[in-house]
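One-letter residues, chain by chain:
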Amino acid sequence: GAMTATTFAGTAAASKNLPPMEPSWGRQLGAGVVDKPYGQPSAYEKEVVRRTVPWLTAESIASISMTPIQDLKGIITPNGLVFERYHAGVAQIKPEEHRLMIHGLVERPIIFTMEDLMRFPSVSEIKFIECPANGGMEWKGAQMEALQFTHGMLSCCEWTGVPLRVLLEEAGVKPEGKWILAEGADGSHMSRSIPLEKALDDTLVVYAQNGEMLRPEQGYPLRLLNPGWEGNTSIKWLRRLEVGDKPWYHREETSKYTDLMADGRARKFTFVQETNSVITNPCPENPIVKSGLIEIEGMAWSGRGKIKQVDISFDGGVSWVPANLKGLVLDKALTRFSLVTKWDGQPWLLQSRAIDETGYVQPTLGQLREARGTNSIYHKNSIHSWKVEANGGVKNVQIS
Amino acid sequence: GAMTATTFAGTAAASKNLPPMEPSWGRQLGAGVVDKPYGQPSAYEKEVVRRTVPWLTAESIASISMTPIQDLKGIITPNGLVFERYHAGVAQIKPEEHRLMIHGLVERPIIFTMEDLMRFPSVSEIKFIECPANGGMEWKGAQMEALQFTHGMLSCCEWTGVPLRVLLEEAGVKPEGKWILAEGADGSHMSRSIPLEKALDDTLVVYAQNGEMLRPEQGYPLRLLNPGWEGNTSIKWLRRLEVGDKPWYHREETSKYTDLMADGRARKFTFVQETNSVITNPCPENPIVKSGLIEIEGMAWSGRGKIKQVDISFDGGVSWVPANLKGLVLDKALTRFSLVTKWDGQPWLLQSRAIDETGYVQPTLGQLREARGTNSIYHKNSIHSWKVEANGGVKNVQIS
Amino acid sequence: TPGMVSAGEKYGFGTTATAEEIQGWDIDIRPDGKGLPAGEGSVADGEELYEQLCATCHGLFGEGEGRWPVLAGGEDTLTEERPVKTVGSYWPYASTLYDYIRRAMPFTAPRSLTDDQTYQLSAYVLYLNEIVDEEFVANKDTLAAVEMPNQEGFFVDPRPDVKNNRCMKNCADPAKLQIVGTLQGVTPVGHFVEGADAPAASHQAQEEKERSL
Amino acid sequence: TPGMVSAGEKYGFGTTATAEEIQGWDIDIRPDGKGLPAGEGSVADGEELYEQLCATCHGLFGEGEGRWPVLAGGEDTLTEERPVKTVGSYWPYASTLYDYIRRAMPFTAPRSLTDDQTYQLSAYVLYLNEIVDEEFVANKDTLAAVEMPNQEGFFVDPRPDVKNNRCMKNCADPAKLQIVGTLQGVTPVGHFVEGADAPAASHQAQEEKERSL
Ligand code: HEC
Ligand code: HEC
Ligand SMILES: [Ca+2]
Ligand SMILES: [Ca+2]
Ligand SMILES: [Ca+2]
Ligand SMILES: [Ca+2]
Ligand SMILES: [Ca+2]
Ligand SMILES: [Ca+2]
Ligand SMILES: [Co+2]
Ligand SMILES: [Co+2]
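Chains as they are written, first to last, in this note's numbering: chain A, 1 to 400; chain B, 1 to 400; chain C, 1 to 213; chain D, 1 to 213.
Chain A extracted, bound-state conformation (with noise of 0.2 angstroms):
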């Protein structure tokens, strides 16, 4: 939890605040309504913000922060948590004069302001986005010594847009259509190509995330929604798609987002995020602080569908048990599982292995290693293992 860290016992033993005494924020009045008409958390909270590894790139505006993960409940990232991936820094875009433009192999090129394309009939969808390199810091071995950077470069909101499909509709895809070229107004310009067949599934053009309008940082004013496919062929700041018959191998899909295997040849179109699963209670930033009955507990997603089982070991994967999905158990999007038990110092390889919709197995690393070898860099969603000590204390560990 986002407080576990703290030692509570110290400062409150020796407080007036505490019963049978009256707190002083029950002798004051506090601020009143609309003293921030756009609300901010806690003070006390302040720790639970973005962070980055600062030598993962030569620089911040080309680079990744990741979410709290940690800290957070249930299955909403909260908009100013959501993890940041840049090529270009964050684009201050007027929303007046953002345009998107369709274009290519179409009857009728056209161009949607925000307005023309919030007329549009929107749907709300609450779906995960990861970035594929989530993880990859971890095929040779264990080095990130925190949850927030193991597993932080995933979020999940509720998204408002309007499904492409009604979008490519309206301009008229000709039949010799067979991808799309979707690119950012950055100043990366970002671009991928993306199959028509996902176009026509699931992809969305949002326009607001968790009720508002989308951050700065998730591409405001419009970007792309790939629901359960790598984060970066969700393209942010929205400004073109243009239809062709061939894919584009641009740079983010030759030399970057490509899986090299052990033989020096590559993956291309590594699109799908597929299942994975991470213990949030405990880990290294959420120790346990006593002994006792202790709720394991963790988030699961699959990029090609719903959760169905998470099972959780406690000797590094000898033995297994069925944890309990608790809450919306959505399709793409995050899923909490629990399992209730009980902790007296024992030390524990804890690991969670999730199963989903489409009977996928979340591997081992062993099993993804033979199949890849170290070099791939995206797509690592093994098994994880955390090392519960015998003072609580959680180290990541990799278990073969």
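Keep in mind that the hints were calculated from the coordinates and are not lab data. Treat the hints loosely; a few may be bogus.
[To be verified] Chain C stretches covered by chain B per the calculated footprint, using a threshold of three residues with CB under 8 angstroms from any CB of chain B:
(1) 18 to 30
(2) 60 to 74
(3) 104 to 117
(4) 155 to 167
[To be verified] The calculated lysine to aspartate or glutamate pairs, modelled on EDC-like cross-linking and capped at a C-alpha distance of 20 angstroms, are:
(5) Lys174(A) / Glu96(A)
(6) Lys198(B) / Asp245(B)
(7) Lys176(D) / Glu370(A)
(8) Lys290(B) / Glu9(D)
Given the structure is predicted, the values throughout are model-derived calculations rather than measurements. Each residue gets a CB set at the ideal place from its N, CA and C atoms; glycine is no exception.
Since chain A is already given, all that's left is putting chains B, C and D with the ligands on it; use the hints.
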């Protein structure tokens, strides 16, 4: 939508940022990651804020503000925009020094720290919270010229916490226990009597909203949540729960939050927020800007369960057509409805009418007034009417 | 075995509250007098204290200054177009007065009054409402015994009380629809209506134009 | 009737894009040369421009300054423990180079190059990678005709490629489990580990300790 009231055309036509030009934001770099460790909305969304109606209260510390529901999409209200209701302003509570005491008719009175509470298995549920005074300014006549003021005392979040049932089992309620007094830690020490039946049914003690810890405005670090019940029963800054054999008849359940009928007698313990709905597009803040196809959209909610159906009338209630529910349809949560139709300048008298899973049909204002007079202040859940004028402008009207 | 927790087992989180801890926070009062502390307060002492601590907002006679709450008067207005709901005209129990003053007043300094002061102020507000006479001394017995004028005025919520039908066609006579427009200029709409602005939402504009609440 | 919209009817929102509007934004290039503009650029001109605009970050020889991307070299490293993936060693198509420089480089001034300049720089980066010789002049025909060393190095995603079973008991030999701990001091954990702090996450610490990526 968030931007419909702004004029796009003027500025845009002369701009260097439109195709075929390369917009300025495509020629430069933006801020890098963790430039804002906790993000903010775009500067272009300044108008999407909570607002109050100053004359409703003597001053802002015991007052209310409204959520800009005219600008929101989907069913989640972002935390920064959740409506506010204070009786002594926003308490600023140190979470380490906050305590929840459960006592009275229990086997073992307990004091919980936040850390204690967060050790219990958590549940996360998407539920609306509504002030029973929502729309209450309109019992005698239409006087609010904007959706934010007619229906904005309403929000919907994913809440995380512990079922109150679990905490009560921990303390062991004695057989005589029938009611619970919930009390806040703020300067008003807001208190309400809750029947044990509700407490054992679906009441939660929550510490998080939309993934992160509660906002100070919503009771940080702890609040009660009585799903579907009037918002004031969901005591914020919750510090005490006393189990008793009778209700307490405190100020907020006698002087306030009782409903005065035409005969001078008053209803007490009017907890449930009955089925309600309102059209959010178009509305006074979102006039129709162009002829052609339009999605009539809105939100419906019921304190008794799920929304089953919403109908729309274009002629002031003479005839009705079924709308479609869209997105998630959850128990005691906002539910979106939608109907695509055409507008070519004809005047409309737009209404929406929700029906919940109990079969309850949202009543007309006439029916409510006939049953209750016009002095009851609270629980005005009648069918709402918007007059769409030939120029697309939308006015709040009452039809009888 | 991990994952196996016996049903009905308690979590055992939290610490047992001591009698002393409970007593400091157990401030609530019930109509039957439960919760009323020892001590007492007279109308006369209450008058002095009220004028010192309360009158600036609630008025010398409980009539309310500006928009601050009215504490007295309003008898027989509950069926009128603008009911005046006060301690005297509306509140069912005197215990609520002690409870509320103790937990929330004076507004700017909640929980600052002694038990005796709270008795004094309760006595005086009752006196302002002509519910007790000037000799009245409030204590846990006398206050619990006070009968309020509107004690019988409340009944349990009977909702659902209105039954609408899901009529789809010819639900009303279009010729007979009465359409009443919005009272304009009382809500702040400057953020989307050109020309309209905040002044329209000021207390002054409201006093001239307000229809209800 | 309201609520009745014929199936397949178009919304008609938005305006038809003109050829001129499209042309300004249609910046993408494909491997078959589609999208390449008129104009040309030589290796020699490219060298001068590269040294002016690119070398500060990517190095005089494309070797990359500091942590900025390496643009040349890395031949035959794709099976090594630390593959060096560059234009020469990894990229399958030369068109991607023109496309990417045009849309994103130079980093601090994207979209500032002319078509000819982009040809010059594409030619030069290919030359740095020994894919073309110093006489090479890039234009829409010559660039599309360049064959890249690793053109055949890519194949379509075959996932799901790994099949785990839902084993519940005796899934491994507990005696043979190998547990490898975290490389410490390379991630910033100062926000929850006492004593640990940001320096551990600096580029310098990383250079000494980093294992991968
Ligand atoms: C600075 C202004 C102020 C002062 C001084 C003040 N009050 Fe109040 N009083 C209020 C406000 C504001 C409310 C309503 C608070 C709310 O609704 O949350 C209120 C409410 C009340 C009510 C409930 C009224 C009703 O009808 O529900 C009582 C009783 C009361 N005050 C008594 C007192 C007493 C006794 C004192 C002096 C010890 C006092 N007040 C001092 C502002 C004040
Ligand atoms: C201020 C530093 C800087 C300058 C100057 C610069 N670049 Fe880059 N370049 C970068 C960064 C940073 C990236 C990676 C961006 C990303 O991943 O989002 C990059 C990426 C590239 C790539 C892709 C490398 C790969 O393997 O994917 C090429 C090609 C390139 N630059 C060419 C150029 C050329 C040509 C110029 C001069 C016109 C230039 N760059 C000037 C910083 C710079
Ligand atoms: Ca923490
Ligand atoms: Ca607006
Ligand atoms: Ca009590
Ligand atoms: Ca009098
Ligand atoms: Ca093109
Ligand atoms: Ca060379
Ligand atoms: Co991939
Ligand atoms: Co009520």
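Quick rundown of the hints versus the structure:
1. For the region 18 to 30 of chain C, the stated coverage by chain B is satisfied: 8 residues place a CB nearer than 8 angstroms to a CB of that chain, which reaches the threshold of 3.
2. Residue count for the region 60 to 74 of chain C with a Cβ under 8 angstroms from a Cβ of chain B: 4. That meets the three needed, and the coverage hint holds.
3. Coverage of the region 104 to 117 of chain C by chain B holds in this model, with 4 residues showing a Cβ closer than 8 angstroms to a Cβ of that chain against a need of three.
4. Restraint check on the region 155 to 167 of chain C versus chain B: 13 residues with Cβ-Cβ distances below 8 angstroms, three needed, restraint holds.
5. At most 20 angstroms may separate the alpha-carbon atoms for a hinted pair to count; Lys174(A) and Glu96(A) exceed this at roughly 30 angstroms.
6. This hinted pair checks out: Lys198(B) and Asp245(B) have alpha carbons roughly 15 angstroms apart, not beyond 20 angstroms.
7. Taking the CA atoms of Lys176(D) and Glu370(A), the gap is near 18 angstroms; set against the 20 angstroms cutoff, the hint holds.
8. Our distance criterion of 20 angstroms between C-alpha atoms is met by Lys290(B) and Glu9(D), whose separation comes to about 17 angstroms.
Consistency with the previously given hints fails for number 5 only.
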